[in-house]
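Participant: Chain by chain, the residues run as shown.
Protein chains: 4
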Amino acid sequence: MAEIAFLGLGVMGFPMAGHLQRAGHSVTVYNRTAKKARDWAAKHGGTAAETPAAAAEGAEFVFACVGRDEDLRKVTLGEDGCFAAMTSGSVFADHTTVSAAIARELAEEGAARGIGVLDAPISGGQAGAENGALTIMVGGAEEAFARAEPVMQVYAKRVGLMGPAGSGQTTKMVNQICIAGILQGLAEAVNFTLESGLDPEAVFDVIGKGAAQSWQMDNRAGTMAAGEYDFGFAVDWMRKDLGLVLGEAERLGVSLPVTALVDQFYKDVQAMGGGRNDTSSLLRRFRG
Amino acid sequence: MAEIAFLGLGVMGFPMAGHLQRAGHSVTVYNRTAKKARDWAAKHGGTAAETPAAAAEGAEFVFACVGRDEDLRKVTLGEDGCFAAMTSGSVFADHTTVSAAIARELAEEGAARGIGVLDAPISGGQAGAENGALTIMVGGAEEAFARAEPVMQVYAKRVGLMGPAGSGQTTKMVNQICIAGILQGLAEAVNFTLESGLDPEAVFDVIGKGAAQSWQMDNRAGTMAAGEYDFGFAVDWMRKDLGLVLGEAERLGVSLPVTALVDQFYKDVQAMGGGRNDTSSLLRRFRG
Amino acid sequence: MAEIAFLGLGVMGFPMAGHLQRAGHSVTVYNRTAKKARDWAAKHGGTAAETPAAAAEGAEFVFACVGRDEDLRKVTLGEDGCFAAMTSGSVFADHTTVSAAIARELAEEGAARGIGVLDAPISGGQAGAENGALTIMVGGAEEAFARAEPVMQVYAKRVGLMGPAGSGQTTKMVNQICIAGILQGLAEAVNFTLESGLDPEAVFDVIGKGAAQSWQMDNRAGTMAAGEYDFGFAVDWMRKDLGLVLGEAERLGVSLPVTALVDQFYKDVQAMGGGRNDTSSLLRRFRG
Amino acid sequence: MAEIAFLGLGVMGFPMAGHLQRAGHSVTVYNRTAKKARDWAAKHGGTAAETPAAAAEGAEFVFACVGRDEDLRKVTLGEDGCFAAMTSGSVFADHTTVSAAIARELAEEGAARGIGVLDAPISGGQAGAENGALTIMVGGAEEAFARAEPVMQVYAKRVGLMGPAGSGQTTKMVNQICIAGILQGLAEAVNFTLESGLDPEAVFDVIGKGAAQSWQMDNRAGTMAAGEYDFGFAVDWMRKDLGLVLGEAERLGVSLPVTALVDQFYKDVQAMGGGRNDTSSLLRRFRG
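Chains as they are written, first to last, in the numbering used here: chain X, 4 to 291; chain V, 4 to 291; chain C, 4 to 291; chain F, 4 to 291.
Since the hints were derived computationally from the structure, they do not count as laboratory data. Heads up, some of the hints might be wrong.
Distance windows between CB atoms, simulated [said to hold, decoys possible]:
| no. | chain 1 | residue 1 | chain 2 | residue 2 | range |
| --- | --- | --- | --- | --- | --- |
| 1 | X | 239 | F | 36 | 37 to 45 Å |
| 2 | F | 240 | X | 60 | 46 to 54 Å |
| 3 | X | 45 | V | 204 | 39 to 47 Å |
| 4 | V | 274 | C | 80 | 44 to 52 Å |
| 5 | X | 276 | F | 6 | 51 to 59 Å |
| 6 | F | 240 | X | 61 | 38 to 46 Å |
| 7 | C | 46 | X | 275 | 31 to 39 Å |
We treat Cβ as the ideally placed atom computed from N, Cα and C, and that holds for glycine.
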């Protein structure tokens, strides 16, 4: 069993850190709002620290799950950041969805200090974090991956090493590109279905076994047709991710016409007040 | 067992009519090119007729699977078309993907003659036709459906009555709208994957269990990454279907921004010489 | 001075026929609603006929300005259509915006009868028709053009022979493609201006002399910013024209991604009840 | 006559600074590559300085025309930047196209030091800079504007105060949004024209006086049809500007669907090797 620090106790990090403690690790947590860390310790029995550095003191593994590039930079390289406190041979694994650029930068910073750094964004949503059924897409060196992978398994159903530093983030981007196309198509399809007077349940049941099938159709067509958009990943976060996608595509010189267009459509949803709706709310552009 | 006529022996109709004959029905076939009808009869043991009307003489069920609206009009209402030869109480079921408008028109024509008319487009491709595993989306009256459904089961894995006349066609349109969005997203994703230096097999394996999953990802991401576009439904036919979709959306006043855009992108693929490529060839716009 | 028939007395045809009569020609008019023809004769002093054929009897020139392909087909080749009444050596010039296909078909029909046929769609709007300041884009044979051109000058500021039959229509399509791109860009720009808190009048004044200038900016940016959409060519008619554009582009295998997308956006405007708004109402998609 | 510093002697800044010196001002220039500054002084007779601070020493007006946000930050607030050397009561006017965010930031920085700050991006291209015929869109306080405006007139045909700090930049963004829509529409139109077999010169001549007219049509339709893309503002710079536009639209919550799409299309042009082509090269996506 290992000494572990976990930085960031949002809707994802809170249960993830809990899984680690329950698995027998000795977990010290840090959260920007200290009360959340104390609540976590009260519930799970680990320790709450006041700073990322304090949490990382003596840890073999430091995990992070914060918000954006600047938050990640702060908890790693900022004042009282964890990197200064980590010892050579320890591993830092970041579960935040951030830019591939900062993932590569942290990998270099870590290498200079003897810290193994992994970018390890996740998918599976809040339910996946709570049930320990996340998919983790990892970028970084094989050696660090080999050590961290068994630890992360406690909250994962799937962990894959995708390539060198940044590859976890770019794999997550591929995921979001696919989702953008699927959901805009599905939104147009659901709207067409309703305007045609067809019964959405019957329609998606009959076409849902063939070439038009998608996880989103299986799980969201019905809720979309019912005008319910309260099933997880929010538009505001999707737009953050699509911003990262478009930024990396810029670096690569890769054209993403429909992804860029759907990103604008999500902005329309935000303008309608739907920033906290789930990503299937593209249908609202047609139906209000 | 029933007297059945089958009009149109293309890659779909040929094996479908064969399933009917093998199931014990007495099948008479018609095909525009008469030789194909004689070949069918030689292989399956039914009868070849010279005209749709001749094939339909005395039939309880007439099935059609031709190309476009004008072909369907010809074999039903044209000179020597089947409608004139069909008797009151018989059923006409059309497996062609055509406009909802002609489906409704034929239903009215049939009603005036006491013929039950079903629009019954299919999905599942050539393999589905050969293996008797098609999905059939049916529009029309319940009574006609109740009689034809057991007959169609011989080549179907799934048959659903979607609503009144035209509903089979509009359901098929929903299917194609979904596919257009999925495949453009997947094309952007595969291109991004390759330009990122990621291994497509690893990427789509790890993300293929979650919210980005689709039948197309499961079955086509790998072939797309390999630049192989020889897996069935051709771009030329997809554009025919998207033309029907956009026409019906016009009638309904439904906006389909990404479907319309992807339809133009498929036109680019045609201009690159890819009209016979399968629908996943949207990737060629990025990679040649 | 010539014997002239004019078929179709809408907001364009009515004043155009008036210009011809005032110029000294002997004009006989036909309109689907006969009262309009009688009103015209009462006002301008020419003759009203009951059918296209009756109007065309003995005419050296027959002009038409009706609504759609099917209307044009009716007044030319339909029962009591003008073609049967026209004599060899006469000229038929069509001012309707219709498909290039019907323009080519009528040219062939005319050639078989010794009638010179010109497709001659116009731009310039109702004001242009009233002030005799239309632009006329003509397709057809040089000889017919040479004879009709001086007659059409009476309501034109510009008449150009663009090429063989259909070329007038395809030239008009080029016009509409340009307008679609300009107006969507301008709608996004006006919305951005207003949301930025800038003064639209000042902004379009300062940028209106350079590379962003357009007739639409000069004439519509201000009215758009004021939410006024009552300045002529209606969305319903623009969508008719864009349908012709997309159909001809289909025949040519030409991709029109933004034109197709803007056509869908105009459909959104129709769904908002803006079918009679002018074409600058794309801004309503952003501002209601 | 005034003491003036000019920072940045690119294709725009070099002739602009020359106009100031020729008008009788005493101009000190700075350029990142010092040789360019010495060349300028050799040609125009002013002074070359080694740093922005040195150039700004004692100046009443400091103008800048550099590349991007980070360049502007460096010459103003960086080591040896001009702000530290400027005295209370002096005016800083930036002609670079940069983000509205940095324009607002510099305005605040300036206010704290008693420096009047204007964001004053330009349009009109290299020819406009050389001929003193630029359009200048200015954001900032009226008092600073009143003092700088007569000085800037020496290289301007048009100078407008658009509003508070940042308004010059946002006005320039409006300009670029308009251009993106116009040029994509025009590219589709030129391609359609050529594929239709029409003569582009005749087509754009006849439609160029009406509702489809634009500066781009007047000046670029012919060169586009000839496949010539060597007329000024480069795609690489347009994409920089569209990046600023999309960033500001993000801040404002304004949707720009076609602007975002055209930005991706320009990326395609870059991928074809057209980064140095002028902005009309969107046509290359269709014609190679």
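Participant: Hint by hint, note whether the structure agrees.
Facilitator: Hint-by-hint comparison with the structure:
1. One distance hint, 37 to 45 Å for the beta-carbon pair residue 239 of chain X and residue 36 of chain F, holds here, with the actual separation near 44 Å.
2. At roughly 50 Å, the beta-carbon separation of residue 240 of chain F and residue 60 of chain X lies within the given 46 to 54 Å, and the hint holds.
3. Checked against the given bound of 39 to 47 Å, the beta carbons of residue 45 of chain X and residue 204 of chain V, roughly 45 Å apart, stay inside it.
4. Distance hint for residue 274 of chain V and residue 80 of chain C: a CB-CB separation of about 34 Å, inconsistent with the stated range 44 to 52 Å.
5. Taking the beta carbon of each, residue 276 of chain X and residue 6 of chain F are about 54 Å apart, inside 51 to 59 Å as hinted.
6. One distance hint, 38 to 46 Å for the beta-carbon pair residue 240 of chain F and residue 61 of chain X, is violated here, with the actual separation near 52 Å.
7. At roughly 51 Å, the beta-carbon separation of residue 46 of chain C and residue 275 of chain X lies outside the given 31 to 39 Å, and the hint is violated.
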